Amino acid sequence: MQAATVARAPSRRTRTAPPASRARARAWGFGALGLAALAALWELYKLLGPADGLVIGEVRVLPRTSDLAMPHIWETAGRLFEPVTRAEGARVLWLEVAIAASLTLGIAAAGWIVGVTVGLLLALVMQRWRLAESAALPWIILSQTVPLIAFAPVVKSWGSRIEIGAFEWQDWMSVAVIASYLAFFPVAVGALKGFQSPDRLHLELMRSYSVGWWQTMRYLRIPAAVPYLLPALRLAAANAVVGAVVAEVSTGLQGGIGRLVIQYAGQASGDPAKAWAPILGAIALGLIAAGSVALMGALARNYRRTEDAS
Amino acid sequence: MMNNRHRRLATFSALGLSAALVLTACATTEEAPEADSGEELTPVTLQLQWLPQGQFAGYFAAQEQGYFEEAGLDVEIIPSGGDIVPQDALANGDVDYAIAWVPKVLGSIEAGANVTNIAQIFQRSGTLQVAWADGDISSVADFEGKKIGSWGFGNEWEIFAAMAEEGLDASTVEIITQDFNMNAFLAGDIDAAQAMTYNEYAQLLEAVDPETGELYTADDFTVISYEDTVGAMLQDAIWADTERLESDADYQETTVAFLKAVIKGWIFAAESPEEAAQITIDAGSGWGPSHELWMVNETNKLIWPAPNGIGYIDEAAFDATVAAALSAVNESGASLITEEPPASAWTNEYIEQALAELEAEGFDITGDSFTPIEVELLEGGN
Numbered sequence: 001m002q003a004a005t006v007a008r009a010p011s012r013r014t015r016t017a018p019p020a021s022r023a024r025a026r027a028w029g030f031g032a033l034g035l036a037a038l039a040a041l042w043e044l045y046k047l048l049g050p051a052d053g054l055v056i057g058e059v060r061v062l063p064r065t066s067d068l069a070m071p072h073i074w075e076t077a078g079r080l081f082e083p084v085t086r087a088e089g090a091r092v093l094w095l096e097v098a099i100a101a102s103l104t105l106g107i108a109a110a111g112w113i114v115g116v117t118v119g120l121l122l123a124l125v126m127q128r129w130r131l132a133e134s135a136a137l138p139w140i141i142l143s144q145t146v147p148l149i150a151f152a153p154v155v156k157s158w159g160s161r162i163e164i165g166a167f168e169w170q171d172w173m174s175v176a177v178i179a180s181y182l183a184f185f186p187v188a189v190g191a192l193k194g195f196q197s198p199d200r201l202h203l204e205l206m207r208s209y210s211v212g213w214w215q216t217m218r219y220l221r222i223p224a225a226v227p228y229l230l231p232a233l234r235l236a237a238a239n240a241v242v243g244a245v246v247a248e249v250s251t252g253l254q255g256g257i258g259r260l261v262i263q264y265a266g267q268a269s270g271d272p273a274k275a276w277a278p279i280l281g282a283i284a285l286g287l288i289a290a291g292s293v294a295l296m297g298a299l300a301r302n303y304r305r306t307e308d309a310s
Numbered sequence: 001m002m003n004n005r006h007r008r009l010a011t012f013s014a015l016g017l018s019a020a021l022v023l024t025a026c027a028t029t030e031e032a033p034e035a036d037s038g039e040e041l042t043p044v045t046l047q048l049q050w051l052p053q054g055q056f057a058g059y060f061a062a063q064e065q066g067y068f069e070e071a072g073l074d075v076e077i078i079p080s081g082g083d084i085v086p087q088d089a090l091a092n093g094d095v096d097y098a099i100a101w102v103p104k105v106l107g108s109i110e111a112g113a114n115v116t117n118i119a120q121i122f123q124r125s126g127t128l129q130v131a132w133a134d135g136d137i138s139s140v141a142d143f144e145g146k147k148i149g150s151w152g153f154g155n156e157w158e159i160f161a162a163m164a165e166e167g168l169d170a171s172t173v174e175i176i177t178q179d180f181n182m183n184a185f186l187a188g189d190i191d192a193a194q195a196m197t198y199n200e201y202a203q204l205l206e207a208v209d210p211e212t213g214e215l216y217t218a219d220d221f222t223v224i225s226y227e228d229t230v231g232a233m234l235q236d237a238i239w240a241d242t243e244r245l246e247s248d249a250d251y252q253e254t255t256v257a258f259l260k261a262v263i264k265g266w267i268f269a270a271e272s273p274e275e276a277a278q279i280t281i282d283a284g285s286g287w288g289p290s291h292e293l294w295m296v297n298e299t300n301k302l303i304w305p306a307p308n309g310i311g312y313i314d315e316a317a318f319d320a321t322v323a324a325a326l327s328a329v330n331e332s333g334a335s336l337i338t339e340e341p342p343a344s345a346w347t348n349e350y351i352e353q354a355l356a357e358l359e360a361e362g363f364d365i366t367g368d369s370f371t372p373i374e375v376e377l378l379e380g381g382n
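If you read the sequences in order, they're chains Z and E. Per full-length UniProt numbering, residue 1 is the first one in the first sequence, and the count goes up by one each step. Per full-length UniProt numbering, residue 1 is the first one in the second sequence, and the count goes up by one each step.
Derived from the structure by calculation, the hints contain no laboratory data. Note that the structure is a prediction, hence the values are computed from the model and not measured. Among the hints, a few may not be true.
Listing some non-contacts, in silico: residues in chain E with all C-beta distances to chain Z over 12 angstroms [claimed, not checked]:
(1) Ile137
(2) Lys146
(3) Tyr251
(4) Lys301
(5) Ala320
(6) Ser327
Over 10 angstroms on every C-beta distance to chain Z, these chain E residues come out as not near it, computed from the model [claimed, not checked]:
(7) Gly66
(8) Gly135
(9) Ser138
(10) Ser139
(11) Ser171
(12) Thr222
(13) Asp228
(14) Glu315
(15) Glu352
(16) Val375
What the simulated footprint calls covered on chain E by chain Z, stretch by stretch (three residues with Cβ under 8 angstroms from a Cβ of chain Z suffice, anywhere in the stretch; the number is not a length) [unchecked claim]:
(17) 70-81
(18) 87-99
(19) 175-182
All C-beta atoms in this analysis are idealised placements derived from N, C-alpha and C, irrespective of residue type, glycine included.
Sequences and hints are given; from them, build the entire structure.
The structure is reproduced here in structure tokens:
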């Protein structure tokens with residue numbers, strides 16, 4: 001039955017497409033199938049792969065198959081439902097990971113909002129003034145080459161000096177700033193490209209109506225930018241999550257998923273399965289972040305006609 | 001129908017967004033320091049060099065047992081765990097005091113950091129190099145041609161100093177950067193792995209030997225202790241801002257009060273290791289109880305007994321560390337330091353004052369009667 005549906009798949013985007021609920025069920029089905037395939041691949045490699053992995057030259061191409069390097073899927077899964085440690089009041093591992101992941105998600109969301117705002121403002125300014133584009137764009141691109149390892153301590157150090165009235169800089173804000181630093185880039189570049197995307201014909205029409213810059217922006221450029229913006233926002237979400245996780249490690253913030261990755265990595269010799277739990281949490285985090293943006297994209301459906309189905 | 005779906009999606013997105021916002025809001029309140037508990041407490045920040053763990057039990061004990069508060073201090077203990085270098089944070093003025101190893105800070109001082117060692121908490125080096133018992137490494141001299149593990153980032157200098165004494169330079173071995181765990185050693189990628197008595201060595205004893213299905217034992221390993229070599233260097237010390245020590249009378253006073261509270265914390269950790277271990281777990285250490293207790297116990301061994309009093313800087317030991325640091329050359333031919341550090345690199349002025357006051361109050365500052373406990377490690381440190 002599945003096979004028949006799959007065979008019909010190429011005729012996408014026609015009016016006779018299956019109802020939304022079935023399409024969604026199918027998407028979930030494929031998603032689950034992908035996960036199962038990944039798990040099967042893991043176990044298959046563990047069973048059949050070379051015990052010592054594969055090293056070409058100095059570079060390890062394939063991992064070892066030992067329980068230390070690759071614990072069984074069911075061990076990792078089972079570990080999730082055991083307490084973090086034997087200590088009294090220790091949480092179940094999955095809950096600990098979920099709590100840490102939600103803290104990181106919150107920080108990444110804050111970073112994303114700041115990054116998107118800054119990125120949009122930069123794109124607006126660059127669209128408005130040619131000079132600004134020539135002046136700022138190279139720096140925007142250059143900004144992404146600064147290694148986080150150099151950047152993080154500086155942000156933390158400056159942040160710790162900020163104290164305005166009752167407002168005191170919190171450590172998580174440093175992490176959010178770093179997340180926003182990674183998130184603003186695709187938005188700035190994507191939005192600029194989008195704002196510049198309308199046809200000359202349409203722009204001249206606007207001019208013939210003697211419509212001002214702001215109205216042209218509102219009725220022509222912003223709607224035209226949507227197909228460019230959505231991928232940029234999704235990239236920004238992924239960047240914000242990566243930035244938040246790495247910055248947590250870098251600045252030593254407690255309570256987030258980045259911290260758990262480091263902490264449990266230290267325990268991987270005696271408890272190999274535990275080290276994978278925060279990694280799974282980080283993956284889930286990325287999916288949730290990208291998924292939230294996809295939901296937003298669905299809202300802007302009317303403006304996505306020119307976009308290819310993705 | 002389309003409209004309906006859109007509205008549902010809008011609700012979902014709004015929910016997601018508000019959830020995110022709520023979470024950030026939660027983060028704000030959670031991270032807020034508990035500042036307004038005391039009336040006239042002096043705010044103090046202490047930068048650790050790693051995550052909260054038994055290695056820092058004394059500081060957390062001083063916090064939890066209220067010794068800091070009794071001393072009129074409101075101390076915030078700041079963990080590291082990444083790119084925050086304690087002595088840099090101190091030199092930048094981000095924190096008031098920092099915990100760091102002496103050799104690493106000597107390098108920073110030569111690079112311009114203006115900091116002073118005010119208390120040498122660890123009297124002994126806790127660094128080991130661990131090899132397999134059935135292998136052919138039993139001393140530093142055997143390192144030649146072997147794959148030697150190290151964490152890098154300034155943790156490697158004892159290895160190079162000990163090798164220099166044996167006439168070996170870094171080019172005669174292959175230095176392999178170690179991870180946060182001992183997997184590379186267990187898998188055979190490293191012939192001799194760097195390990196702290198209080199942490200990584202325990203990780204080995206908590207790991208299952210796939211051949212027997214039981215935990216590894218001490219008999220499976222050959223342990224080289226740098227404390228027994230001339231490469232030994234002083235480790236956890238408390239560092240203060242040199243300029244403020246010279247010019248700021250309040251800071252001098254705070255320093256003595258701070259040291260007194262810290263010493264009381266370490267005395268507590270020596271007398272009640274179980275409670276101290278629990279305190280560090282509560283402070284956010286993710287280790288299991290047996291590993292944490294092992295860590296506190298081994299850390300105590302590096303501190304006690306302290307014949308001159310805990311924290312007192314033994315000039316001979318400091319000079320030996322400087323000499324070892326001068327002799328060490330790493331794999332890229334660089335030296336840790338090229339000249340003797342300035343006299344401002346250490347002072348016993350404040351620790352002497354703190355020790356004298358504590359002794360007068362009847363505290364045991366030398367730990368003559370200190371006896372470590374026996375800790376049984378369980379699988380995974382649980």
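Problem - Given as non-interface: Lys146(E), which should sit over 12 angstroms from chain Z by C-beta - result: Given that every Cβ of chain Z is farther than 12 angstroms from that of Lys146(E), nearest at about 17 angstroms, it holds.
Practice task
Closer than 8 angstroms, Cβ to Cβ, for at least three residues: run that test on the region 175-182 of chain E against chain Z and report holds or violated.
Solution key: Satisfied; 4 residues make the cut.
Handout entry: Non-interface label on Ile137(E), tested against every C-beta of chain Z at 12 angstroms
Key = holds, 20 angstroms
Practice task
May I ask you to check that Asp228(E) keeps its beta-carbon over 10 angstroms from the closest beta-carbon of chain Z?
Solution key: holds, 25 angstroms
Problem - Verdict on Ser138(E) as a residue remote from chain Z, using beta-carbon distances over 10 angstroms - result: Holds, since 23 angstroms exceeds 10 angstroms.
Handout entry: Outside-interface status for Val375(E) - nearest CB in chain Z farther than 10 angstroms
Key = Non-interface label on Val375(E) holds, nearest chain Z Cβ at 14 angstroms vs cutoff 10 angstroms.
Problem - Interface-negative label, Tyr251(E) against chain Z, beta-carbon threshold 12 angstroms - result: With a cut-off of 12 angstroms, Tyr251(E) remains clear of chain Z, as the shortest Cβ separation is near 18 angstroms.
Handout entry: Lys301(E) non-interfacial with respect to chain Z [C-beta, more than 12 angstroms]
Key = Holds: least Cβ distance 21 angstroms, greater than 12 angstroms.
Problem - Outcome, coverage of the region 87-99 of chain E by chain Z - at least 3 residues whose beta-carbon is closer than 8 angstroms to one in that chain - result: With 4 residues closer than 8 angstroms to chain Z, the region 87-99 of chain E meets the three-residue bar; holds.
Exercise for the section: Grab the minimum beta-carbon distance between Glu315(E) and chain Z and tell me whether it stays above 10 angstroms. Expected result: holds, 33 angstroms
Problem - Claimed clearance of chain Z by Ser327(E), with the beta carbon kept past 12 angstroms - result: About 29 angstroms separates Ser327(E) from the closest Cβ of chain Z, which puts it past 12 angstroms; holds.
Exercise for the section: Evaluate the condition: distance from the CB of Ala320(E) to the nearest CB of chain Z exceeds 12 angstroms. Expected result: holds, 30 angstroms
Of the numbered hints stated above, none is contradicted by the structure.
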